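Engineer: Kindly produce the complete structure, drawing on both the sequences and the hints.
So for the sequence shown, the numbering used here puts the first residue at 711; every next one is plus one.
Simulated from the structure, these hints should not be mistaken for laboratory data. Treat the numbers as computed from the prediction; the structure is a model and nothing was measured. Some clues are possibly wrong.
Straight-line distance between alpha carbons at most 30 Å, and here's what the computed DSS-like set of lysine-lysine pairs gives [to be verified]:
no., residue 1, residue 2
1, K934, K720
2, K785, K925
3, K892, K720
4, K934, K904
5, K946, K925
6, K925, K904
7, K892, K785
8, K785, K946
9, K785, K720
10, K892, K904
11, K720, K904
12, K720, K925
13, K925, K935
14, K904, K935
15, K935, K946
16, K849, K892
17, K935, K785
18, K925, K892
19, K849, K935
Computed Cβ-Cβ distance ranges for the label pairs, DEER-style [as the list claims (entries may be wrong)]:
no., residue 1, residue 2, range
20, E924, T747, 30 to 38 Å
21, D722, E890, 20 to 28 Å
22, M850, G918, 24 to 32 Å
23, K904, T737, 18 to 26 Å
24, M856, N761, 25 to 33 Å
25, E760, P726, 39 to 47 Å
Glycine is no exception: its CB is placed at the ideal position from the N, C-alpha and C atoms.
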Amino acid sequence: MPTSMHPQAKFDPIPPDLDLHELVENTPNLSWVVRITTAQIRNLSQQEFENLVNIHVVQQGRPLVISGWDEVLPKNLFGSEWLERTYDKRPYPPNVFYMNENVTDKGDDEASTARGGDLFRTQVEAAPAGDLMSCLPEKMRAENLMCYIGHEGTYTPAHREMCASLGQNLMVEASIDDGEEKAGSSIWFMTETKDREVVREYFLSMLGHDIEIEKHFAQINAWKKATFPVYVVEQKAGDFILVPPCCPPSLEPWHAHYEGSLEPNDG
Numbered sequence: 711m712p713t714s715m716h717p718q719a720k721f722d723p724i725p726p727d728l729d730l731h732e733l734v735e736n737t738p739n740l741s742w743v744v745r746i747t748t749a750q751i752r753n754l755s756q757q758e759f760e761n762l763v764n765i766h767v768v769q770q771g772r773p774l775v776i777s778g779w780d781e782v783l784p785k786n787l788f789g790s791e792w793l794e795r796t797y798d799k800r801p802y803p804p805n806v807f808y809m810n811e812n813v814t815d816k817g818d819d820e821a822s823t824a825r826g827g828d829l830f831r832t833q834v835e836a837a838p839a840g841d842l843m844s845c846l847p848e849k850m851r852a853e854n855l856m857c858y859i860g861h862e863g864t865y866t867p868a869h870r871e872m873c874a875s876l877g878q879n880l881m882v883e884a885s886i887d888d889g890e891e892k893a894g895s896s897i898w899f900m901t902e903t904k905d906r907e908v909v910r911e912y913f914l915s916m917l918g919h920d921i922e923i924e925k926h927f928a929q930i931n932a933w934k935k936a937t938f939p940v941y942v943v944e945q946k947a948g949d950f951i952l953v954p955p956c957c958p959p960s961l962e963p964w965h966a967h968y969e970g971s972l973e974p975n976d977g
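Structural biologist: Rendered as structure tokens:
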């Protein structure tokens, strides 16, 4: 952990006029996350799809995006209108912010709906036979299907989960480009599982922050100067991101533990 005398990189928000495509194309260590569609996975058998995820995400430790879920999920359930009808009268405790910056409000775990959870458990199948969570009694299993509600400027700091789980994050709705505001999206900067210790050392020695504490949103220049590969994705509505085990940074709405995903934590 850096001492109080160690210089620390400051928080620097992403400029609103950022050309993300130019940034990725002109920065050697930045590359786009591999992206496939729901139409493509329909042409695969269940075993073929499981092999794809196991090889690319678990074994190679690289993120994967499956787009097109906004076309197949029921909009009457996965949308802001349903949340407003169901939860608008319910009181919530004050939010706890990651940083002391004047950022826009973010609702984390705003609603964990039973209806949405039931649908995902039938479509994605939480705790199937291959998920080691299924070996535990139901009361001992991690259940953290969460709903994030955010606005521009929420800035989730780079961090690493303590567990070797396969993370999954789906954007179900975003603002549209109607002339008054731009279409909503989230920009992710992600690394490979095998580089987790290199990333931690880079944050400590070069940025003066401990990635385990989860309090610093790295500047774009910091990612550009990194000595390890950085994967970038602009997540839009319908984009389902599979996050590799122990991948910094990592946002995980629910956990799935597999034999292969636990290997990076051995020793």
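Engineer: Hint by hint, note whether the structure agrees.
Structural biologist: Here's how the hints hold up against the structure:
1. For the suggested pair K934 and K720, the alpha carbons sit about 16 Å apart, so the restraint of at most 30 Å is met.
2. Restraint check for K785 and K925: not satisfied, since their Cα atoms lie roughly 34 Å apart, outside the 30 Å limit.
3. Between K892 and K720 the alpha-carbon distance is near 27 Å, which keeps this suggested pair within the 30 Å criterion.
4. Of the pairs offered as hints, the one joining K934 and K904 holds, with about 19 Å between alpha carbons and a cut-off of 30 Å not exceeded.
5. For the proposed pair K946 and K925, the alpha carbon gap of about 25 Å is at most 30 Å, so the pair holds.
6. Restraint check for K925 and K904: satisfied, since their Cα atoms lie roughly 22 Å apart, inside the 30 Å limit.
7. For the proposed pair K892 and K785, the alpha carbon gap of about 21 Å is at most 30 Å, so the pair holds.
8. With a C-alpha separation of about 15 Å, the suggested pairing of K785 with K946 holds against the 30 Å cut-off.
9. Simply put, K785 and K720 have alpha-carbon atoms about 40 Å apart, too far for the 30 Å limit, and the pair is violated.
10. Our distance criterion of 30 Å between C-alpha atoms is broken by K892 and K904, whose separation comes to about 36 Å.
11. Taking the CA atoms of K720 and K904, the gap is about 27 Å. The hint holds against a cut of 30 Å.
12. Among the hinted pairs, K720 with K925 is consistent with the structure: their alpha-carbon atoms are about 11 Å apart, no more than 30 Å.
13. Restraint check for K925 and K935: the C-alpha separation of about 20 Å stays at or below 30 Å, so the hint holds.
14. With a C-alpha separation of about 19 Å, the suggested pair K904 and K935 falls inside the 30 Å cut-off, and the hint holds.
15. Proximity of K935 to K946 is assessed by CA-CA distance (about 26 Å); at most 30 Å being required, the pair is judged to hold.
16. For a cut-off of 30 Å, the pair hint linking K849 to K892 is broken: about 43 Å separates their Cα positions.
17. Distance check on the hinted pair: K935 and K785 sit about 41 Å apart at the alpha-carbon level, beyond 30 Å; violated.
18. Between the alpha carbons of K925 and K892 the distance comes to roughly 28 Å, so the proposed pair stays at or under 30 Å and holds.
19. Distance hint between K849 and K935 is unfulfilled; the C-alpha atoms sit about 45 Å from each other, more than 30 Å.
20. Our hint of 30 to 38 Å for E924 and T747 holds, since their Cβ atoms are close to 32 Å apart.
21. For D722 and E890, the hinted distance range of 20 to 28 Å is satisfied, since their beta carbons lie about 27 Å from each other.
22. Range check, M850 to G918: Cβ separation about 39 Å, and the 24 to 32 Å hint is violated.
23. The hint said 18 to 26 Å for the Cβ distance between K904 and T737, and at roughly 20 Å that hint holds.
24. Separation of M856 from N761 is about 28 Å and conforms to the stated range, judged on CB atoms against 25 to 33 Å.
25. For E760 and P726, the Cβ-Cβ distance of about 40 Å falls inside the hinted range of 39 to 47 Å, so the restraint holds.
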